[in-house]
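J.: Residue numbers (this note's numbering), protein chains in the order written: chain A, 1 to 237; chain B, 1001 to 1609; chain C, 2001 to 2182.
What the hints contain is simulated information worked out from the structure, not anything from laboratory work. Just so you know, these numbers come straight off a predicted model, no measurement behind them. Think of the CB as a built atom: it goes at the ideal place given N, C-alpha and C, for glycine as much as any other residue. One should not assume that every hint holds.
Unchecked claim - Computed footprint of chain A on chain C, listed as stretches where at least three residues anywhere in the stretch have a Cβ under 8 Å from a Cβ of chain A:
hint	region
1	2030 to 2037
2	2091 to 2102
3	2134 to 2141
Claimed, not checked - Lysine-lysine pairs mimicking PhoX-like chemistry, simulated, CA-CA at most 25 Å apart:
hint	chain 1	residue 1	chain 2	residue 2
4	A	K86	B	K1026
5	B	K1524	A	K86
6	C	K2143	B	K1536
7	B	K1174	B	K1159
8	A	K86	B	K1537
9	A	K86	B	K1546
10	C	K2143	A	K86
11	C	K2169	A	K82
12	A	K82	C	K2177
13	B	K1075	A	K133
14	A	K159	B	K1358
15	A	K232	C	K2177
16	A	K55	B	K1536
17	B	K1537	C	K2143
18	A	K159	B	K1026
19	C	K2120	B	K1602
20	B	K1547	A	K82
21	A	K55	B	K1547
22	B	K1537	A	K55
23	B	K1358	A	K161
24	C	K2104	A	K133
25	C	K2177	A	K220
26	B	K1524	C	K2143
27	A	K82	B	K1536
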Amino acid sequence: MEQGHIKINIDGREIIAKEGQSIVQAARDNGIFIPTLCDFKSLQPAGTCRMCLVKVGERYVSACTTIVSQGMSVENESVELKENRKSLIEMLFVEGNHMCPSCEKSGNCQLQALAYRYQMTAPRYPFSFTQRKIDASLPYLVVEHNRCIQCLRCVRGVKAKDGHDIFGFIDRGGAIHISVDTTDTEAATEVIAQKAMDICPVGALIKKGGAYRVPIGERKYDNEVIGSDVEKERDKV
Amino acid sequence: MEQNPSLDSQVRQKVVQLTKFYQQDKTQLLAMLREIQSEFRMIPGPAIDYLAEELDIPRIQVEGTASFYHFFSSKNRGRYTVYMNTSATSEMAGAAAVMLAFEKAAGIKFGQTSENQQIGLFTTSCIGMCDQEPAALINDFVFTHLTPARVEEIVKVIKENGSLQSLIKSGEGKNSSALVSAEVKNNIRFKGPVFFTDYAPGEALKVAMESGSLEVIEAIRKSGLRGRGGAGFPTGQKWGSCRATDAESRYVICNVDEGEPGTFKDRVLLTERPELIFEGMIIAGYAIEAKQGIVYLRSEYSYLKKYLEQVLEGLRSQNLLGRRILKSRFSFDIQIKLGAGAYICGEESALIESAEGKRGQPRNRPPFPVVSGYLHQPTIVNNPETFGCAAKIILKGSDWFKKMGTSASSGVKLLSISGDCEKPGIYEVQWGHTVREILGFCGATEVLAVQVGGPSGNFLSEKEFDRKICYSDLSTGGAFTIFSKKRDLFSIIHNHMEFFTKETCGFCVPCRAGNTLLLKQLEKVMIGNGTALDLKKIEELGLLVKKASRCGLGQSSPNPLLTSLKNFPEIYQRVVRQDVDYMSQFNMEFATSDSAKVANRKPNLEIGD
Amino acid sequence: MSKTKLIVATTSLAGCFGCHMSLLDIDERILELVEVVEFNRSPIDDFKEFTKECDLGLVEGGCCNAENVRVLREFREHCKILVAVGQCAITGGLPAMRNGISMKELLEEAYFNGVTVGNKMIPNDEEIPAILDRVYPCHEIVKIDAFLPGCAPRADLIWEVLNRIIEGKSLDNLTYKNFKYD
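Start from the sequences, fold in the hints, and give me the full structure.
T.: Okay, here's the thing in structure tokens:
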């Protein structure tokens, strides 16, 4: 084994991980998919969505915020964890107003894609039908709070040129929501709107004027299960 | 947006004055927001702009912090703001009648501010007065043992723009001192060897500094002292790992965000034995080589701040605090930082964020605070009771401490006892007493249930009254709440679940969405619309919230439901429908009443049936 | 396949009949279907009432008024297996976008402020089914045995599910490309 590499075990399969990697990253490098919503590329992990819930020894942890260690044994695809993840997806679906048929992100939405993967039909929990705002005051960006899952990707990943925050968390508890500082001149730019839409896993941040370019039926998750790209690599590893 | 120009300039002036006073220190944002709220009775929009500008913090972050805390508001809360405590013990003591009296006298409903902005009525979570309910905070004054008659008197004074101080009755012990002047009782029922005995400030510190910092940590380790806030982490180990870090500066934080409904012992400790707690902090500072200490005081206890500052000043004048303590090279000072209403800030990493002037959201761990805490420097966060124990251990020795309690739980514990008993209050007891023994101490009879550890702890039924209060059995931060046989457990469970839905920070999905769903599911069962399947759903969801949540709040919030399901299955069995596997919550009459009213017609209910 | 035909009822509550259209989209397979299925109460054969007990009920749309509730309850009573078909039946769907808006605001928008409104009054004839405070997904009113997602559900999904029900198979692991919410 190379220097800086360690062995860990996921669902009984021994894999090589790099020291300092999160469980999610190590799994991905080895063709194992652990579902995530808030985790995104090089962003500092937040651990808001808990979709990557795994069992390490006797403890349940979020795989995106947990760093691998030598000999670690991770349970990922158990019946229990799959059911737990499905429950978390259902919680998000009943908490917001996710009207897939009228959402321009349908087919490219990661929340929807995970719901497809776990074959959610009707959530086991009652819908909240809470009225939330749609903020279309900016020239290029629409903030559709009905669809927001508070993953914090925009807060962490879309910053002004000098690095200051444009997006932030407002309120707390059930009232918590993302807000964009509309007084900030950079929030009004097309660049920020595009970045925001690209980073948002759902249809909460939409750049105006670009919807339905790709027809339904030809979108990313219309024919391909989320995570299958990772899992295809499995045989090559 | 149009702004009142004179208000705008007043706000600007205030912000400039505050930021100057606090030397543009971002970590003092909460303190500044507190002063703005206090002066303007709200956080006006321009205050956010000016604070962002003056402190060079992104506007969205200032807004994020201001909107996080319960005692900050974007709308005017009135010159006199009533925060009525609606915790379970307050409700048991008659909060409903008191609230009605407030509404009647003020002519508004809870959640509203009167049109002339003279009075605002709001509810709040436990304010740490469980042994003297119903209680409320009005402009940082504590009112206890409220009655409808007294409410009338209070609102009369408020309407006349009178002095709240004039309404305050004399308190007990230091509560009656000039700087506290609160009508609060201590109710210290059992005095033990650690806290409520003779004590001379500085003696323990002298011993510590004569023996050396590593020896101090060793003594704490040997004593078996574990954290008294509830989690029970070995204190010596915490101090040792913090000390072992390689860092420029380290911090000592005393966690006085005593928010768990049912606990109030830190309030009494800080009132009667602040020197002992501070001395423990100084010793900790000496042991881990820190220079700064912070007392994070919950907003509900802000009436103690001036008094505590005077105590600190006294310690400085005795050369026990500040520069070159006891003429040594060790310098250590303590500042008090106030919260602004958020239960979650009792979680140590959320507390640190809050002390830094941010939203009180827990951090991801690791790294733990001992490695990266306040301002990302190694930090120990301990409960006041832990610091108090530590000071006494240093003075009297590890063995003295270890002789008390049980082998795995050494020393004493302060219990906050409230609810249905003759003598609610503070009990300093050795670890290892059974629940039954404690019920005997406080004069509780006809007991239906005891909740050990507050809503995030355990609901116990009679069958379990022989269990022991200790780390290996019933581990607790000290809340011991008693419910007699005349109580409806459902309303208490409901109160607690409501508490968690109000106090979740909302950061992670299971805690934010899950607790709300648990509450809904409980309500379905309570009104008789539940089936056996619904109970199973509660259990499954509760377990998921526990295991998937990011911090201790969500990891324990389903406990009122889960432990009552386990220990009081009969109350659930009594209300669930056993004959069906599906129950709808739909009610035709209710569902059609709105549209019938608007269309001015009678709904044809036959069509629906 | 069993020799006795599966008796099926269908209805559209607060829906757009898109799900029924999708059922017809199974194209020539409909000939196979009539071999194994007999329709009872359904707009397909225009039976207005149940004339016998049914094996399967397919319900499109959620409940937005009192009549929807009555029909749904009738379906529950007469159908052994009741399936919620499409997003409206499962989640309330687009009609549920009104949920959370006050009844006063809704009715005034429709009957007073709308651009096509002539005679400004809110209809109040007692024969008109009363509107519910919100749109209810079917499973909040009666017990639903299975759910067929989509807006509308793909014809292939309907076909797959019908066949599985006829053959008494589980509805887990439906074909991915057919299992959609849009």
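J.: So which hints don't hold here, by number, going up?
T.: 1, 4, 7
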